[in-house]
Every structure is written in C-alpha cells, then in structure tokens.
Amino acid sequence: MLEHIELFFKSIFIDNMVFATFLGMCSYLAVSKKVSTAVGLGAAVIFVLAVTVPINWLLDQYILKEGALSWLGEEYASYDLSFLSFILFIATIATMVQLVEIVVERFAPALYNSLGIFLPLIAVNCAILGGSLFMQSREIPTLGLALNYGISSGIGWFLAILAIAAIREKIRYSNIPAPLRGLGITFIITGLMAIGFMSFGGMLTGGDETPTEKDKTNASIKAQDKNNTELTPSTAVVDNLKNQ
Amino acid sequence: MGILPKKDTKLILDPLFDNNPITVQVLGICSALAITAQLKASIVMAVSVIAVLSVGNVIISLMRNIIPSKIRIIVQLIVVATLVIIVDQILKAFSYELSKQLSVFIGLIITNCIIMGRFEAFALANSPWRAFLDGIGNAAGYGIILIIVGFFRELLGSGTLLGFPVLGDPINKTGVYAFGYENNGFMLLSPMALIVIGLIIWVQRSRNKELIEE
Chain A
1 MLEHIELFFK SIFIDNMVFA TFLGMCSYLA VSKKVSTAVG LGAAVIFVLA
51 VTVPINWLLD QYILKEGALS WLGEEYASYD LSFLSFILFI ATIATMVQLV
101 EIVVERFAPA LYNSLGIFLP LIAVNCAILG GSLFMQSREI PTLGLALNYG
151 ISSGIGWFLA ILAIAAIREK IRYSNIPAPL RGLGITFIIT GLMAIGFMSF
201 GGMLTGGDET PTEKDKTNAS IKAQDKNNTE LTPSTAVVDN LKNQ
Chain B
1 MGILPKKDTK LILDPLFDNN PITVQVLGIC SALAITAQLK ASIVMAVSVI
51 AVLSVGNVII SLMRNIIPSK IRIIVQLIVV ATLVIIVDQI LKAFSYELSK
101 QLSVFIGLII TNCIIMGRFE AFALANSPWR AFLDGIGNAA GYGIILIIVG
151 FFRELLGSGT LLGFPVLGDP INKTGVYAFG YENNGFMLLS PMALIVIGLI
201 IWVQRSRNKE LIEE
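Top line first, the protein sequences correspond to chains A and B.
The working numbering puts the first residue of the first sequence at 1, with every later residue one more than the last.
The working numbering puts the first residue of the second sequence at 1, with every later residue one more than the last.
Take the hints with a grain of salt, since some may be wrong.
Lysine-lysine pairs mimicking DSS-like chemistry, simulated, CA-CA at most 25 Å apart [said to hold, decoys possible]:
id, chain 1, residue 1, chain 2, residue 2
1, A, Lys170, A, Lys34
2, B, Lys100, B, Lys40
3, A, Lys170, A, Lys33
4, B, Lys92, A, Lys65
5, B, Lys100, A, Lys65
6, B, Lys40, B, Lys92
7, A, Lys33, B, Lys40
8, B, Lys10, B, Lys209
Distance ranges between label pairs, derived from CB positions [claimed, not checked]:
id, chain 1, residue 1, chain 2, residue 2, range
9, B, Lys100, A, Met203, 26 to 32 Å
10, B, Asp14, A, Leu99, 37 to 43 Å
11, A, Lys33, B, Asn172, 48 to 54 Å
12, B, Trp129, A, Asp80, 25 to 31 Å
13, A, Ala30, B, Asn172, 45 to 51 Å
14, B, Ser95, A, Pro141, 27 to 33 Å
15, B, Ile148, A, Lys33, 24 to 30 Å
16, A, Pro141, B, Lys100, 20 to 26 Å
17, A, Trp71, B, Arg72, 32 to 38 Å
18, A, Tyr62, B, Lys92, 20 to 26 Å
19, B, Phe164, A, Leu99, 48 to 54 Å
20, B, Glu210, A, Pro141, 35 to 41 Å
21, B, Thr174, A, Phe83, 29 to 35 Å
Keep in mind that the hints were calculated from the coordinates and are not lab data.
Even glycine gets a Cβ: it sits at the ideal position worked out from N, Cα and C.
With the hints as constraints, model all of the structure from the sequences given.
Pasting the structure below:
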C-alpha cells in the first residue's frame, strides 16, 4: 500500500511529466489558451495513459523483456526482443486510441462530445509514449503499480496544463514586451513553474528508486545546495550594505 | 548553396530562421529539452533527428500515392518507429554511454511533432527530392536551437564545451575562476532549458517584427 501512495505522489509532483521531463510539450503549448479545452485534453490524457501503460506493461513482461518468452517453452528463454519495444508500444497506443474512441462514442456520447476532438491528437502526444517508455526503464514491478503510474502521471500532466491555461487566461491583461507575447512568455512561465515544482523533490523518501533516477535527483539536490550556499554570502553582503 | 535552384535553397534555409520549427511553428519541443544540459548530447540528438526526418520524408513521399488516407497516421508511425529503432541500435553499438544518457529520449523521436508535422504537411504532397530537402531543412532548424541551448547551458553551467574545460579549472582557480567567477549550477537543471528558449524567442522576435503575436 505504502509503495502505491509513494509512487502516486512521486509521479504527480516530483517526476511531473511536463516540469521534470518536458513530455507532451507540443499539445501543452498549443491547447493551453483556454481552461475549458485544457481540461478536456487533460482528462483524455489521464484516460489514455491509464489504458496504455498497463497494456504495455503486460507486453513488456510477457513478450519483450529478456527471457520474457520463457512461458512458451525452454528454448525461448534466452530471447531478448526489447529492441522491438518502440514499434510495439506505438502500435498499441495508436490502436488503443482508436478503440477507445469507438467505444466511448458508442457507450458515452456525452463524454465523446467533450473528449472527441482530442483523442486522435493524443496518439502522437509524447506524454503517452513517454509514460510507457519510462514505465519500462524504471522497471515498475507489478501490474497494479503500472496502472497507478499511468493514472498518476496523467494527473500530473492534467495539473500542469490546467495551471498554465489559467495563467495564460489572466496574463492577457498584462503589459508584456511585444516580442515576448504569446509563446515566449509561456516558455518562461513554464520554466518558473518547473522551478517551483522542483521544491517537491524534498518529499522523496528515497531507498527504492532506480539508479538513474537517483543520480538525477542527487544532481538536482546538489545543484540546489550549491545555489543556496551561493545565495547566502550575497544576501549577507546586501545586509551589510544596508547596515552601513 | 549555388548548386541548387533558388526554390530548393529556400526549402532548406527557411526553416533555419524565419520559419524555425521550435521557435515559430512550436513543434518538437517534447523530446528535446531534457537532454540539452550538455552540448554533445544535443549534437547527437540533432543528428539523429536529421537522419530520421530526411529518410522518413523520402519514404513517405515515395509511398504517398499508395497510402490510404484513413490509416496514414499508423503507416507514418510505423515508418518513424522503424527508423528510430535503427538509430537507437546504432547508438547503442557505437556509443553506449551516450545512449544510456539519452535513455528514453531517442525513443521519443517517434512522437516528435516535427516529424509527424512534416510528413503530413509536406511529404504527402511533394516529390521525394523536395521532401528530402525539406526534411533536412526542418531537422536542421530544430538542431540549431538544440545546439544553441546546449552550448549556453554547458558553458555557463559547468564551464566546459563538449567536455573540455574552456573557462579554466574551478578547483585550482585558474582561468576566469581566478577572478572569482563561479559556475551557475542552475543552468544544468531542466527548467533553465525552457527559460533559455524563451529568451531565444525574445531575441528572434525583436529582430523580426513580423513574428510578434497579438
């Protein structure tokens, strides 16, 4: 249970798809002009991630991984098909998106009307393929955790696009230098939000991450420490100046 | 570019500056930003995208008359996925360290919007040679931004370029470090990639007023 909660919070806040790994940036920038459309796309991303990550987990466990084919018989135990994972994952995603679209249209027309236009867009959203590839490289151990990972990283993406859409609706009334208007300021705001989200890194309990991830967080923590130490002398200098 | 006719030259040069895929068309930001902390990784990424996009554009353009339009997205995805697998295997064979460092981001070239965007917008309607030039131009426009960002982040963040210390030794205090210069560790963190691109857009749009948005 504890590992579920940990993975849930980690995927939403610490390894947030947009702010930590820049996945799904294209649709994030293109569809974030209005809150209502952003909510629609965000919901569709959660939905598709929740479906595709567990399916790709099964594919990875029983077909792609080294030795995964051993359920076919002894002689297949040494096969390693992991080089095929890109093509298999993207085929699954494209098919699933199509299937989901058909099923939703048939059984939940209301949902289809709100999600409909976004579903085809999602097949080529990097966040979806990225979810499956990170699931593979982080070696998520069980199907339940894979489902959890899909849903929670979808929620992280949803939060990010909701936040930027709300900011962009307000920022229309601000006086921004003309060349920065639109795209430029959105990039800079996203950068600032990402810096904000980095402070969630302190929530990590540690212990069971994969080494690559650990290196990454260690590096970022180190860099943060460095900044802090760099900041302290300069603030001291400012205080001194004030006193004088 | 004297060898090519004027129209073909435009195909290559346009996306480099005035119609840049990243800063103007807003395509292909997804897989690129996280790997620009080092110049070397940015260059490898740029070269991989150039290879995938130019070859993919030619293949799609050759098949443009036989692909049924209803399933064209899947056909396109399969073509890119195959090319990306080849690039990934080559990288794994010849520079394993780098491919570990790029991890899933090579795989994410598949869903790089530049590639699907150029297939849809150009390769499906043009001859293979023109599609090839368009692929090289757009991927190079993408690569230029990647290399600029990688250059500044590595230079300011760790004081090296391609791994060589160009600003002196931070520990023994030689070079510019002797005057009290410090590396800005913040540049190595991912949010700075976004801010650097924001600044590039600012510079570009100040120079070219036509690009300014309302």
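Exercise. Is the Cα-Cα distance between Lys100 of chain B and Lys40 of chain B 25 Å or less?
Worked result: holds, 13 Å
Exercise. Has the hinted range 48 to 54 Å been met by the Cβ atoms of Phe164 of chain B and Leu99 of chain A?
Worked result: holds, 52 Å
Exercise. Within a Cα-Cα threshold of 25 Å, do Lys92 of chain B and Lys65 of chain A meet the stated pairing?
Worked result: holds, 17 Å
Exercise. Between Lys33 of chain A and Lys40 of chain B, is the straight-line Cα distance small enough, at 25 Å or below?
Worked result: violated, 35 Å
Problem set entry | Distance restraint between Lys170 of chain A and Lys34 of chain A, which requires alpha-carbon spacing of 25 Å or less | With Cα atoms ~10 Å apart, Lys170 of chain A and Lys34 of chain A stay inside 25 Å; holds.
For this session: Take the C-alpha atoms of Lys10 of chain B and Lys209 of chain B, compute the straight-line distance between them, and say whether it is at most 25 Å.
Result: holds, 20 Å
For this session: Decide if the proposed pair is consistent with the structure: Lys170 of chain A and Lys33 of chain A, CA atoms, cutoff 25 Å inclusive.
Result: Holds, because 10 Å separates the two Cα atoms, which is no more than 25 Å.
Exercise. CB of Pro141 of chain A to CB of Lys100 of chain B, is that within 20 to 26 Å?
Worked result: holds, 22 Å
Exercise. Would you say the C-beta atoms of Trp71 of chain A and Arg72 of chain B sit inside 32 to 38 Å of each other?
Worked result: Holds: the Cβ-Cβ distance is about 36 Å, inside 32 to 38 Å.
Exercise. That 37 to 43 Å hint for Asp14 of chain B and Leu99 of chain A (C-beta), does it hold up?
Worked result: The hint (37 to 43 Å, Cβ to Cβ) holds, given that Asp14 of chain B and Leu99 of chain A are roughly 39 Å apart.
For this session: For the range 24 to 30 Å, tell me whether the beta carbons of Ile148 of chain B and Lys33 of chain A fit it or not.
Result: holds, 27 Å
Exercise. Should the hint that Tyr62 of chain A and Lys92 of chain B are 20 to 26 Å apart at their CB atoms be regarded as holding?
Worked result: holds, 23 Å
The structure is inconsistent with the numbered hints 7, 12, 20, 21, although it conforms to all the rest.
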